[in-house]
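Student: Residue-level listing of the chains:
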Amino acid sequence: MKKILINFKLNGENIVDEVEVNKTLLEYLRENLRLTGPKEGCSKGECGACTVLINGETFNSCLVLMPEIQNKEVVTIEGISRENPLILEYLIKEGSFQCGFCAPGIVVSLYSFFKKFKKPTILELKEAISGNLCRCTGYKKIVDAAKKYIDERF
Amino acid sequence: MMEFEYFKPKNLFKAIDLAENFKINKKFLAGGTDLLVRMKDNLIKEENIIDLKDIDELKGIWEKDDEIEIGPLTTFSEIIESEILNKFSPLLVLASKKVGSPQIRNKGTIGGNICNASPAGDSIPPLFCEEAKLILISKNGKRIVDIENFFIGPGKTIINDNEILYRIVIKKWRDNDIGFFNKLGQRNALSISIASNCVKIRKENGKVLDIKIALGSVSPTVVRAKRIEEEIKNLKNFDEDKLFIISSLVSKEIDPITDVRGTREYRIEVSKYLLFESLVNLLNR
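For the protein sequence lines, the chains are A and B, in the order given. Going by this note's numbering, the first residue of the first sequence is number 1, and it counts up by one from there. Going by this note's numbering, the first residue of the second sequence is number 1, and it counts up by one from there.
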C-alpha cells in the first residue's frame, strides 16, 4: 500500500512518519505506536471505545484515516491521563467502571465535555457520553460520578 | 481495509478535474462515517478516494436574502451550533441532533448524508420539507436540482460521475412557521431510523396555510406525503379522531421493506402513530 508523509501533534509531541494511506488513526496508535489506551470495540463508530480528541473535539479514531489528521492535534487518553484531571478521581471513587473497556472513551468524552460546559445539566451530560457504549454498569455510576463532580466543583 | 489511491485536492477546480478523470472509478470522502465502514468491509469497488476536506469553498453556512446556502462539507455539529440555522431553519437543526452520536456529528457531513442517499438519512426529511435545492457542479458548470428529484433509490441519485454537490439551498423560515421531527429508533443515540417523519406547517389565525410532510425509512427514498398534506389543508378543526384517520392514510403513501430493524407491517403501523404524534404536537399546541 502506498505511504504518505504525515505530520501531526500527538499528546503535545510532534510526529512525522510515513504511513500507509489506508491505515486508520486507531490502528496507527495501537499498532505502530503501541498506545493501547484507545480500544477497538466495534470498528464502525458505534461504541466510542476508540474516542480521541482531534483539535479539541471528540472523534471515533476507528473512522479517521491517517491522511485526514495531517497538521492536526490529536490527544488520546494517555495525554489526558498525564494531566490527571479531577474527573478521574470521581470515577474511581464512585466505582464507575467494571471491565474498563469503555473507560478510556468515556473519560475522553467527559474531559472534552467539561472543558466546554462550565455548569452543565444532567441531560447535557448524558448527551455528551451518548456515543460511548458501556455494557457493565448501565451508565448509572458513571453519571453519578460526573454529577458529584459537577456539584462539588461548580 | 481495502487498498486505494488517496487524493486530497486543495480547491474545487482540482476536485472537479479529478472527478472528470476518474469518472465512476472514484469515491468522494466527506466525513467518512459511512464510507469508512464500507471500505473496511471491502464493499467499495472504486480504487480512488478523493478527500474533499481541504476544500474551504465546500464548508460553511451563508445567509443570502431570503435563502440560506449550506456547503456540503458542513458537519452536523456545525449545523447544530449555527446561529443562522437555529434562527431560520430550526427543523434541520432538530433533525441533525438525532444523527448518530457527538463523535459522529463532529465528523459526519450534510453533503455526505445526502449523497449516500440512504432512505434513513436523518437530515433528508427536513430538506424535503424545506423544498431544498441542490446545486451540482462539474466542468460544464452548475445545475440546480430539487431535492425531491435527486434520489432514485437506496444509495442511488441522479448525480453524474463528474459532478460534485456544491450547495444546499433552503428558504428562510417565516415567523409563523413551525415544525417537528419525529424519529423512531431502537434507542436514543446511535440508532438508524426505523421510521421517521418531518412536518413543517405555516399557520395563520388557526388556519393551516401550508403543510409539508416528509417520511423517512419507509420507502426506497425519503418521500413527501402529499395526499395527507391536502387533507390537512382542508380541515376546519383539528379534532384528534379526525387527525388519526388522516394519519392512517400514510399506509397508502409508503412502501417499506422488512429488515433487521423492523418488518414492513411494523413500519406501516408505526408510521401512522408517529405521524399522528407529529400532527397533534403541531396543530394542537
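Worth flagging that the hints you see were computed from the coordinates, not collected in a lab. Check the hints yourself; a few may be wrong.
SDA-like, lysine to any residue: derived pairs with alpha carbons at most 20 Å apart [unchecked claim]:
#, chain 1, residue 1, chain 2, residue 2
1, A, 2, B, 48
2, A, 44, B, 155
3, A, 2, B, 26
4, B, 59, A, 95
5, B, 59, A, 55
6, B, 10, A, 44
7, A, 2, B, 8
8, B, 14, B, 42
9, A, 23, B, 42
10, A, 116, B, 57
11, B, 8, A, 44
12, B, 53, A, 40
13, A, 23, B, 5
14, A, 44, B, 40
Only some residues are given here: those of chain A computed to face chain B with a beta carbon under 10 Å [unchecked claim]:
#, residue
15, 8
16, 9
17, 11
18, 45
19, 112
20, 114
21, 117
22, 120
23, 121
24, 132
25, 136
26, 137
From the three backbone atoms N, C-alpha and C, an ideal C-beta is built for every residue, glycine too.
Student: Among the hints numbered above, which are violated by the structure, and what are their numbers in rising order?
Tutor: 4, 6, 8, 10, 11, 12, 15, 16, 17, 20, 21, 22, 23, 25 and 26
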